[in-house]
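Per UniProt numbering, residue 1 is the first one in the sequence shown, and the count goes up by one each step.
To be clear, the hints were calculated from the coordinates, so they are not data collected in a lab. Check the hints yourself; a few may be wrong.
[Unchecked claim] Simulated crosslink set (BS3-like; lysine-lysine; CA at most 30 Å straight-line):
hint	residue 1	residue 2
1	119	69
2	69	52
3	148	187
4	115	148
5	69	168
6	145	174
7	310	187
8	168	187
9	174	115
10	145	316
[Claimed, not checked] The calculated label-pair distances, taken between Cβ atoms and stated as ranges, are:
hint	residue 1	residue 2	range
11	69	335	16 to 22 Å
12	146	194	21 to 27 Å
13	273	162	45 to 51 Å
14	164	259	44 to 50 Å
15	335	291	22 to 28 Å
16	310	172	40 to 46 Å
17	273	313	23 to 29 Å
18	187	224	50 to 56 Å
19	307	96	38 to 44 Å
20	335	228	31 to 37 Å
No experiment lies behind these values; they were computed from the predicted model shown. We put the beta carbon where it would ideally sit given N, CA and C, even for glycine.
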Amino acid sequence: MDQDDDQYRWESATGNAINQNNRRKELAQLPNVRLGMMRHRYVVLDMSDAMKDQDLRPNRLFCSIELLKEFIFMYFDSNPTISNRLNNHTKETYQECEGEASIQNALEMGLQTLKHMPKYSSREMLFVLGCLTTCDPANILQTLKICKENEIRCSVISLSAEVRVFRKLCVDTKGIFHVIMDSTLDKFESSLVRMDFPKYRTYTTSNANISTTSSNSAKHEKASMCMCHLEQRGGINGFSIGDYFCPTCESKYWELPTECSICHLTLVSAPHLARSYHFLFPIEQFIEVTRDELPSQKCFACQHAFDEQKHKSIFKCTSCNNIFCFECDLFIHGTIFTCPGCIRYAQLK
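Please model the entire structure based on the sequences and the hints provided.
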């Protein structure tokens, strides 16, 4: 019985610590800050011998690939203004793990492209590493300095342990550093979820002008060829009526989002902007209340009665004054981004 009590107390303390940590992360999302909505990101996966380790079943490489597939799908769903070619980023690549990893070579490859990206977009690199060393051809600290100068935000998820150069890379570029502490995939998955949200702008240079006009679908009497088929020499199959036209140069495109190959304007549709709306105007944080202040004894969202042992933290929406449990609070702020109580009262008006 004593052993069971100790186990219960340990699980309860662990659960409370996790809840408090998740809440701190939620509150850390600063409101009313400028976010980098137009994002350019490289994902770098370690393919060294260290990825053969089986602390993650069946091995680190397999788990990383499967979780990265889910991350890419979620990333494109949450950031629809990036691209519509999801399949190009999720194709299977079977390669044998061998040798040692070189973080400097990966940074150099990313720099070649990201440093030419416009200032109004974010430049990011995400590293998923299982190695504890980096085998570089030159001084990696010099490359880190160049990344910082070009405002490239680098984040690292380490599957082994903390390495000083990895943490320095994240600190200098204002990225996120995570170490997977156990053999379960929950921490790994939650770390990837945190990489999904756009980060606040850290640019020190002057802002670049960007047109916020979305391209509209327009119909013309005569068939014309879109730019993508013209570049690919699509022949007669590239002719069509309608599609989308750039508001600046009138170039034609058959799918959105894309970047105009003539004037380099990012073309998006109204639904794409609407799906990114919750990033720009996030729902306000709920306030924690005591049991003496509860107007109701059950959660407004899940309708479960509050239990003293299970529901240590209870929250209230400052707009509609409805009460929510901790799980529903996280779900509202992390998934649906809308208060169900506020929606209900808006419909009743």
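Against the structure, the hints come out as follows:
no., hint, in the structure
1, 119 / 69, "28 Å, holds"
2, 69 / 52, "19 Å, holds"
3, 148 / 187, "28 Å, holds"
4, 115 / 148, "11 Å, holds"
5, 69 / 168, "27 Å, holds"
6, 145 / 174, "12 Å, holds"
7, 310 / 187, "22 Å, holds"
8, 168 / 187, "22 Å, holds"
9, 174 / 115, "16 Å, holds"
10, 145 / 316, "45 Å, violated"
11, 69 / 335: 16 to 22 Å, "19 Å, holds"
12, 146 / 194: 21 to 27 Å, "26 Å, holds"
13, 273 / 162: 45 to 51 Å, "39 Å, violated"
14, 164 / 259: 44 to 50 Å, "38 Å, violated"
15, 335 / 291: 22 to 28 Å, "26 Å, holds"
16, 310 / 172: 40 to 46 Å, "43 Å, holds"
17, 273 / 313: 23 to 29 Å, "35 Å, violated"
18, 187 / 224: 50 to 56 Å, "52 Å, holds"
19, 307 / 96: 38 to 44 Å, "52 Å, violated"
20, 335 / 228: 31 to 37 Å, "34 Å, holds"
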